[in-house]
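Engineer: Sequence:
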Amino acid sequence: MAMNENKIRQRWYGGGKVGMFAKMAAALFSFVVSVRSKLFQWGVFKTHQLKVPVIIVGNITAGGGGKTPMVIWLTNHLKSLGYKPGIVSRGYGGTRKVEPMYITPNANPLASGDEPLLMAKRTQLPVMVGKDRVKAAKALIKNYSVNVVVSDDGMQHLALGRDAEIVMLDAKWRTGNHLMMPAGPLREPLERLNSVDLVVFKGKFEGQHHYELAIDCIHQLNHAQNTKDSAEFRNQKVVAMAGIANPNGFFSLLSNVGMAIIKHPLPDHHNFTATDFKGHEETMVLITEKDAVKCESLNLPNVWVVKVKAVIPATTVNALNQIIDKVMK
Numbered sequence: 002m003a004m005n006e007n008k009i010r011q012r013w014y015g016g017g018k019v020g021m022f023a024k025m026a027a028a029l030f031s032f033v034v035s036v037r038s039k040l041f042q043w044g045v046f047k048t049h050q051l052k053v054p055v056i057i058v059g060n061i062t063a064g065g066g067g068k069t070p071m072v073i074w075l076t077n078h079l080k081s082l083g084y085k086p087g088i089v090s091r092g093y094g095g096t097r098k099v100e101p102m103y104i105t106p107n108a109n110p111l112a113s114g115d116e117p118l119l120m121a122k123r124t125q126l127p128v129m130v131g132k133d134r135v136k137a138a139k140a141l142i143k144n145y146s147v148n149v150v151v152s153d154d155g156m157q158h159l160a161l162g163r164d165a166e167i168v169m170l171d172a173k174w175r176t177g178n179h180l181m182m183p184a185g186p187l188r189e190p191l192e193r194l195n196s197v198d199l200v201v202f203k204g205k206f207e208g209q210h211h212y213e214l215a216i217d218c219i220h221q222l223n224h225a226q227n228t229k230d231s232a233e234f235r236n237q238k239v240v241a242m243a244g245i246a247n248p249n250g251f252f253s254l255l256s257n258v259g260m261a262i263i264k265h266p267l268p269d270h271h272n273f274t275a276t277d278f279k280g281h282e283e284t285m286v287l288i289t290e291k292d293a294v295k296c297e298s299l300n301l302p303n304v305w306v307v308k309v310k311a312v313i314p315a316t317t318v319n320a321l322n323q324i325i326d327k328v329m330k
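Residue 296 in this note's numbering sits at position 295 of the sequence shown, with consecutive numbering throughout.
Everything labelled a hint here was simulated from the structure, so no lab data went into it. Take the hints with a grain of salt, since some may be wrong.
[Stated by the list, open to error] Using 27 angstroms as the maximum straight-line C-alpha spacing, the simulated DSSO-like pairs for lysine-lysine come out as follows:
(1) K310 to K8
(2) K136 to K327
(3) K47 to K308
(4) K173 to K8
(5) K52 to K173
(6) K205 to K308
(7) K330 to K136
(8) K205 to K173
(9) K229 to K310
(10) K264 to K173
(11) K24 to K39
(12) K173 to K47
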């Protein structure tokens, strides 16, 4: 993680001092967010209601809050219940020239963005990306047989009507210093949580709805059939490389199963090249699934991919089922 990101995280989550100018900018941002919300409520800006239900999986904080694993779990769960879900996403980091763009499991990650491609691979469901989520969702409904749309992020995309909102928060960081950006991590005021359908924490949080990530298996890059159990890596020295918003979560997942890891954090949505792996040729390198979609064109036999799964307590599954019942009635 870059030094400025560390400083920001320390200020937002570690009790670091917040400067006067940051507080002034936060007050201005809060005012703009409030006015924009009112303009949508008053009908000055239009909210588009779609022909099928829309479930938002988003957050009110900046950075990763565990949205992607929840979107993957939720859409696969909807499919198992007999529904026909589709996914819309902004496709952050993609260099596509077409808007909106349909993402196949074999798409170019540089065009699609890493998260939409991962969701397409893990769900085998239609995924549409676009800066304008309304256009993306309409294109999804028009071209594919979907009867429910799940939006990866989009809490603040108020032009997109929604039937349910699920907010994701990190169990460790939560809402930090409770201040609006840039003084704190909040994209919206804390009171926004009072109007959503469900808050789910990523990480163990007794008494609250949550899920935990667990290692499903570890497979060789480009050879998904060549798998290992995490126990085979116990006490083994590995390089853990991650270009995600919160790499420490990935590092902890590995160290908790007994691996001796050498941490190699990179910026979120980092575009990997062979240069990133130089110097590690004789050591096994473990990467995330999200990063793996951008490494598939590289010939790296010593790189292995950590496939994770969301482990969701029954109480949280029940709460999610209640939302599904409500929107799909």
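Engineer: All hints, please: hold or fail.
Structural biologist: Right, here's what the structure says about each hint:
1. K310 to K8: Violated: K310 and K8 sit about 31 angstroms apart, past 27 angstroms.
2. K136 to K327: At roughly 25 angstroms apart (the allowed maximum being 27 angstroms), K327 and K136 satisfy the hint.
3. K47 to K308: violated, 40 angstroms
4. K173 to K8: Distance of about 17 angstroms is within 27 angstroms: holds.
5. K52 to K173: violated, 38 angstroms
6. K205 to K308: holds, 19 angstroms
7. K330 to K136: Holds, because 25 angstroms separates the two Cα atoms, which is no more than 27 angstroms.
8. K205 to K173: holds, 9 angstroms
9. K229 to K310: holds, 15 angstroms
10. K264 to K173: holds, 20 angstroms
11. K24 to K39: Holds: K24 and K39 sit about 23 angstroms apart, inside 27 angstroms.
12. K173 to K47: Between K173 and K47 the Cα gap is close to 36 angstroms, so the pair fails against 27 angstroms, i.e. violated.
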